[in-house]
Structures are given as C-alpha cells and as structure tokens.
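There are 2 protein chains.
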Amino acid sequence: MTTDALGPNATIGIIGGGQLGRMLALAAAELGLRTHIYCPDKDCPAAQVTDAVTHAAYDDTEALSAFSAAVDVVTYEFENIPVATVNHVAARKPVFPSAKALEVAQDRWQEKSFIRAQGFEVADFFDITDRASLNAALQETGGSGILKTRHFGYDGKGQWRLDADSDLDKVLEDLDGRAAILEALVPFEREVSILVARGRDGSTACYDVIENFHRNHTLHTSTLPAALPDHLPDADPANPHKMAEKLAHALDYVGVLAIECFVVGERLLVNEIAPRVHNSGHLTQDACHVGQFEQHIRAIAGWTLGDATAHSDAVMTNLLGDEIDQWPDLAAQKATHVHLYGKSEARAGRKMGHVTKLSAKTR
Amino acid sequence: MTTDALGPNATIGIIGGGQLGRMLALAAAELGLRTHIYCPDKDCPAAQVTDAVTHAAYDDTEALSAFSAAVDVVTYEFENIPVATVNHVAARKPVFPSAKALEVAQDRWQEKSFIRAQGFEVADFFDITDRASLNAALQETGGSGILKTRHFGYDGKGQWRLDADSDLDKVLEDLDGRAAILEALVPFEREVSILVARGRDGSTACYDVIENFHRNHTLHTSTLPAALPDHLPDADPANPHKMAEKLAHALDYVGVLAIECFVVGERLLVNEIAPRVHNSGHLTQDACHVGQFEQHIRAIAGWTLGDATAHSDAVMTNLLGDEIDQWPDLAAQKATHVHLYGKSEARAGRKMGHVTKLSAKTR
Chain E
1 MTTDALGPNA TIGIIGGGQL GRMLALAAAE LGLRTHIYCP DKDCPAAQVT DAVTHAAYDD
61 TEALSAFSAA VDVVTYEFEN IPVATVNHVA ARKPVFPSAK ALEVAQDRWQ EKSFIRAQGF
121 EVADFFDITD RASLNAALQE TGGSGILKTR HFGYDGKGQW RLDADSDLDK VLEDLDGRAA
181 ILEALVPFER EVSILVARGR DGSTACYDVI ENFHRNHTLH TSTLPAALPD HLPDADPANP
241 HKMAEKLAHA LDYVGVLAIE CFVVGERLLV NEIAPRVHNS GHLTQDACHV GQFEQHIRAI
301 AGWTLGDATA HSDAVMTNLL GDEIDQWPDL AAQKATHVHL YGKSEARAGR KMGHVTKLSA
361 KTR
Chain X
364 MTTDALGPNA TIGIIGGGQL GRMLALAAAE LGLRTHIYCP DKDCPAAQVT DAVTHAAYDD
424 TEALSAFSAA VDVVTYEFEN IPVATVNHVA ARKPVFPSAK ALEVAQDRWQ EKSFIRAQGF
484 EVADFFDITD RASLNAALQE TGGSGILKTR HFGYDGKGQW RLDADSDLDK VLEDLDGRAA
544 ILEALVPFER EVSILVARGR DGSTACYDVI ENFHRNHTLH TSTLPAALPD HLPDADPANP
604 HKMAEKLAHA LDYVGVLAIE CFVVGERLLV NEIAPRVHNS GHLTQDACHV GQFEQHIRAI
664 AGWTLGDATA HSDAVMTNLL GDEIDQWPDL AAQKATHVHL YGKSEARAGR KMGHVTKLSA
724 KTR
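Residue numbers (the working numbering), protein chains in the order written: chain E, 1 to 363; chain X, 364 to 726.
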C-alpha cells in the first residue's frame, strides 16, 4: 500500500464507458470507492452503475478539466483514447496506467520493438510505408503475413491476411496511407494471455495463464488454467509470470496489464499487450479471489494488490450480438455466472455479455 | 422462468437505499438489469451505484406513484418500511415479496403464530399489554425471558432481558405503551440461518445452513457450512430446507427469505424470519455460484433461480463502526473478499462493510 492510498469514499475517474468501465465501476463499488465516468456516448453501459458521469468529447478540454477536478485518481478502460486526452488529465490528477504505456500499446511498431528490447520474442515484423516496402517485406516472410495498421486496430479490424493470391493494390487502397506493419505468420499451437497487476509501490500479482480461443478474430472462449503442453519449459508458470513482471516494470506500469502470446513449440511469442483489463481476464471475476477489475482498482488506488489465486477452474464464453438472447438458458445452468452489460442494442458481433462456468480445481 | 420475466435493460425499483439495496443494485447490474432506488436519505449508499434515484419520504404518495411508473417491478431492502408504502406501490406495479410477508415479519406476535401454525417450533411467547400480563407471563416462564416490542425491533433494539432482579416498572416505562411479547429464554447451543429463494413460478433454491455468532446483539461472524452436531437429526440438510420451503410456500413468497433459528439439542426453533436478503447470507456472494443478492433479483425478475451451491467454505465478518479502518490489513489477506458500503460516517456500531474469507470445501 502507498501512503497516499485512496480511502473509502474517494472517487476514481474512468475514461471510457463501455463494459470494461462498467465492470471497473462495479468492482470499485464493492470496495466502497466511488466512480465518475467520462464518456461521449450518452447511452454508455458504465453510466448505469456510477455515482457521476460526464458526457463530453475526448477533446473537450474544459470538460476534461472539470472531470479532473472532481476525482482523486484517473484510469481508462481502452487503449484507443487519444494520448492528448490522457496528458490533459495527467497534468491535473494522477493517471494510471501512464500515458507512456498507452503510447507504446497504441503503436504496433513501438509495441513490438519494446517487447523485443526487453528480451522477448515477437513474430518478425516490418515497417510498411508503400508498395516497395511491402514487396520487400513479403520477400523476407516467404510471401505471406498479416498487414496491420500501426494504430487503432482491435478484434481483427485494420488487418489483412496476405498470401500469393492477395490483390496488394486493393489492400494498399484499403490501407489508405495509414502507417502499417507486416507481421510474419506464426504457426502457433495455442494462444494464451498473461495478466499481471502492478501496484503504485511496484509490487506485482499475476494470474494463472489463461488460454484463448478466437472465432472471426474475436475472443470466443477463455479457459483457466491454460493447457500448456508438457514439453514446454514455459509450462512452469514462473516463466510467463517473470516475463509479464519484467514488461510491467519496464513500463513503470500501474494497473492490470494483459499480454497476449502465441505458444509455438517450446517458444512463447508475444502478440500484443493491452494496457488495461482484458476480455480474456473476465473469468478471474468469478474464479479468483480478487478478479482483474478489483485488482486494477486496487493498483491505481494505491492499495495492496489482492490475492490473484484461483479457487476454481473456469471457462468464459463471450455473448456476441443476438447470442445474448440465450440468457434464459444460460442463467439456468449449474455453476454458471452470467454477466450482461446493459447495452440497449444487440448489433451483430457486439460484446453484449459473457458467462463463466466454474469447476473444481484440477491442479 | 415466468413468461413475463424481465429481460435485459428492464428496471427494478428498490425501496430503501442502505447496504442491502446497494448490493442488490450491484447484483442486478451484473445481470444487465437497471435499478431505481427510492430512499429518503440523500446520502444513501445505494444511490452511488444505480441508474436512477428518488429521494422522497416513504409517505410521499406522489413520489411513490412516479417511482412506480418508472420501474418494471419493485422490491424492498428492509422490513421496517410502512406496509402502506408497499401497498401504494403494489397497486401500480408488481411488488415482491408481497405486503403479506412484510406484515407477518413486522409483527413478532403474528410471525411466531404463523411459524407455529406451519408446524414448526418457536420459543414460548406471551402477549404483553400491561403489568398484569407481564407478571402472568413471567410466572409461566419461571421468572425470566426477553421482552420484545412487537414492531420495529432489530439488532437488539426494543428488547429487554428480564430476570428476578429486573425493575419491571422501569422496563414498562421504557416500553412506553408499545405492543410487546415476552419470549421464554431458549438455552440454545448455536444459532443458524436458513436462506431460501422462491421464484415467481414457485420453484425454490436453498443455501447450505449458515452458522451465526453475535456480539452485542449484532451479527459478528457467519460461517458456511454450519457445524451442526452429529446427534441432531436436522444435521441432514434436507430438514431445515424443507422447513424453509414450507414457510416460503405458505407466504406465497417471492425473493430471498431468511429464517433465523436456534439449535437446542435435537430441536430447531425458529427465532425470526426476515423477508429480504440477510446479513448472514453475505458470504453467499463469494462462496456460492449465485449469491443471495443475485438470487433475490432473479426471483423477483421472474428468472430461473440460480445455482445456490457453494464452491468454497466461508467465514464472513462484519465491520462495525471504526472497524472499517482495518481495511488496509484486511485487503492484504489471502483468499479474502472485502466489501465496503460507501457510507460517509463510521458511527459506533454502524455496519460499514464486511469481509469474507474463503477456504476449500470440507464436505
């Protein structure tokens, strides 16, 4: 705990009002902390569960100043908010994680360079500025790869999978001059995520490694613990945890940091980092003593980090779009924890909720 | 599930804004349901976590009508709200539990008569109207007992323990003409509570029996499961559950009903019933798949009741008054779930929060 830790009834400002902001606000409330949501969208899910709300644009400096004055500490729920927004607030109130972590996570080139500089593996990647650099990069990767915009991509958006049959002119037209990288394909066997929390005092707490299954570029299910293969030295949970801690320390990070990795034979390659609570960590709410949302709140509030130990194994399944209509059946299942986000419109592919099914620990 | 079950984004009205209302609102939010709190107190804990609030008196019929119009279904968080308030709302929107359960629970004489009529044991009790009836009752009980007001008592308030040394004149002066009963002392070995939920479709779900330890007439700790003695036939959990279900059915109850009992040798005597979520059930939040708050919300919303099974054993400890100042140490303990209520003033004896410590299941 830090000497300036927030006590009960202090107010945490949260920039962004989606489901992550909502679950952060609910976790803060369990600890007796108040929340103030800053979100342009008047119908945002987090506004339903908070003490105070500011609905204003991310570049409304007057509203940002008033918001800063009304809160004790600030965090954000997603990595695509403008760094200028965070800097404006940070000049007035402590913001965690810092703008530095945000900058690194917002730029795939910086992100991968940072991870490599810390001594960890990533897929080969190449800076793409034009047709010539794309051709050169494809030569290196053997003709295939994933072209990704450097900024503002998530859930497969801003990504093109390239192979010998790709129409590169069309792809570059779609890219429309945005900065990009080409990533070599990684023949991975499984995808995992490592969630680490780092407190304001530099202490850390890691969750057991979580395994992820995607569908249409969007997380479908996550399981705890991950089924890491026996031959993998990283099956020793100490190794991924040491990596996560090193990355968090290097960023002077405060809060929950999510590290998505590919498992390739005996190697662990970092795919990307997210400077926030993460969809794959939703199962920690129900399966661990202190879940990722409470852990993030504890970290930014200067509290001692909580016990990240799992009391149960778990499988989390996202409810996308009209899958939310399954709620009556899901709510009737044994050992099942239902979470719905209060979104009014079930657009196709939209994250509407999730369910976590617990079972007795197997190891 | 009932055919008119509330879907996501429906609004539940909650009369009362204390910690129980707050935790009900948080549980509703996890299910994607909105809440509207009705509470006279402008600084009430539940208002911090809800979508809408009405601050008005319990006899403000205009405000009650507007509140009824704004919500889909109504519940209440404590049993001392006026029956007239509930009746006013019930004429406009469905209210669960019904006013009937509230009336029975508000009057110790009706309550004990009801329980006895259902075939269950209670301590001997006597209607007290004056000195003569008190003398006669004390004669029956052997000169001792607990004098209790029929209405509005909780946490030891409105109670006087009487024995040969008691100054009965003074006690009757304190009673000040209020209706009362004298209850015979029960030489109990332990106190337990049985929580049953009953849905709008008449289905029921029971939690494992919880054992309670009081200090200064206020609940101090609760443990799950209760350590029922081996020689007690009721150690078979089916028996207390059958009792709880019978009482819930007899009241045509909807929601979570708490039944506090004394264990005396091989007998289970009902002490009182509470038509609401209960302090002794707080541990179900963390130890069971679906805790009492979510279960109550599911019941009144017409949902299928959730899985009340415990995944862990648990000990819950209340934080009264300045015990809340222990939060930094409590938050650092293993397997410990901290819940603080957002109350601004830590008055002596006031319920400020609770902590639940989990451990692996022992049976």
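To be clear, the hints were calculated from the coordinates, so they are not data collected in a lab.
Don't be surprised by glycine CBs; every beta carbon is placed ideally from N, CA and C.
Careful: at least some of the hints might be erroneous.
Quick list of the computed label-pair ranges, beta carbon to beta carbon [stated by the list, open to error]:
(1) Asp422/X to Thr309/E: 46 to 54 Å
(2) Arg190/E to Val446/X: 53 to 61 Å
(3) Phe576/X to Asp41/E: 46 to 54 Å
(4) Ala70/E to Lys533/X: 47 to 55 Å
(5) Phe441/X to Asp41/E: 29 to 37 Å
(6) Ala433/X to Thr309/E: 39 to 47 Å
(7) Leu632/X to Lys242/E: 38 to 46 Å
(8) Gly565/X to Ser359/E: 28 to 36 Å
(9) Gln689/X to Lys157/E: 30 to 38 Å
(10) Ser65/E to Val446/X: 46 to 54 Å
(11) Ala433/X to Ala70/E: 50 to 58 Å
(12) His214/E to Phe441/X: 53 to 61 Å
Okay, derived cross-link-like pairs now, SDA-like style, lysine to any residue, Cα gap no bigger than 25 Å in a straight line [stated by the list, open to error]:
(13) Lys334/E to Gln696/X
(14) Lys697/X to Asp4/E
(15) Lys42/E to Gln696/X
(16) Lys724/X to Asp72/E
(17) Lys42/E to Thr374/X
(18) Lys42/E to Thr586/X
(19) Lys334/E to Ala415/X
(20) Lys361/E to Ala415/X
(21) Lys42/E to Asp313/E
(22) Lys334/E to Thr417/X
(23) Lys405/X to Asp72/E
(24) Lys334/E to Ala433/X
(25) Lys697/X to Ala52/E
(26) Lys242/E to Gln696/X
(27) Lys405/X to His55/E
(28) Lys246/E to Arg710/X
(29) Lys100/E to Leu548/X
(30) Lys334/E to Val678/X
(31) Lys405/X to Asn239/E
(32) Lys334/E to Lys405/X
(33) Lys697/X to His55/E
(34) Lys697/X to Arg347/E
(35) Lys42/E to Ala673/X
(36) Lys697/X to Thr3/E
(37) Lys361/E to Lys405/X
(38) Lys334/E to Ala462/X
(39) Lys334/E to Thr586/X
Evaluation of the provided hints:
no., hint, in the structure
1, Asp422/X to Thr309/E: 46 to 54 Å, "50 Å, holds"
2, Arg190/E to Val446/X: 53 to 61 Å, "60 Å, holds"
3, Phe576/X to Asp41/E: 46 to 54 Å, "48 Å, holds"
4, Ala70/E to Lys533/X: 47 to 55 Å, "53 Å, holds"
5, Phe441/X to Asp41/E: 29 to 37 Å, "36 Å, holds"
6, Ala433/X to Thr309/E: 39 to 47 Å, "43 Å, holds"
7, Leu632/X to Lys242/E: 38 to 46 Å, "58 Å, violated"
8, Gly565/X to Ser359/E: 28 to 36 Å, "30 Å, holds"
9, Gln689/X to Lys157/E: 30 to 38 Å, "47 Å, violated"
10, Ser65/E to Val446/X: 46 to 54 Å, "50 Å, holds"
11, Ala433/X to Ala70/E: 50 to 58 Å, "27 Å, violated"
12, His214/E to Phe441/X: 53 to 61 Å, "47 Å, violated"
13, Lys334/E to Gln696/X, "29 Å, violated"
14, Lys697/X to Asp4/E, "23 Å, holds"
15, Lys42/E to Gln696/X, "39 Å, violated"
16, Lys724/X to Asp72/E, "40 Å, violated"
17, Lys42/E to Thr374/X, "18 Å, holds"
18, Lys42/E to Thr586/X, "43 Å, violated"
19, Lys334/E to Ala415/X, "32 Å, violated"
20, Lys361/E to Ala415/X, "40 Å, violated"
21, Lys42/E to Asp313/E, "37 Å, violated"
22, Lys334/E to Thr417/X, "37 Å, violated"
23, Lys405/X to Asp72/E, "22 Å, holds"
24, Lys334/E to Ala433/X, "33 Å, violated"
25, Lys697/X to Ala52/E, "32 Å, violated"
26, Lys242/E to Gln696/X, "23 Å, holds"
27, Lys405/X to His55/E, "23 Å, holds"
28, Lys246/E to Arg710/X, "45 Å, violated"
29, Lys100/E to Leu548/X, "67 Å, violated"
30, Lys334/E to Val678/X, "23 Å, holds"
31, Lys405/X to Asn239/E, "51 Å, violated"
32, Lys334/E to Lys405/X, "40 Å, violated"
33, Lys697/X to His55/E, "39 Å, violated"
34, Lys697/X to Arg347/E, "41 Å, violated"
35, Lys42/E to Ala673/X, "39 Å, violated"
36, Lys697/X to Thr3/E, "21 Å, holds"
37, Lys361/E to Lys405/X, "45 Å, violated"
38, Lys334/E to Ala462/X, "32 Å, violated"
39, Lys334/E to Thr586/X, "23 Å, holds"
In the structure shown, a violation is registered for the earlier hints numbered 7, 9, 11, 12, 13, 15, 16, 18, 19, 20, 21, 22, 24, 25, 28, 29, 31, 32, 33, 34, 35, 37 and 38, in ascending order.
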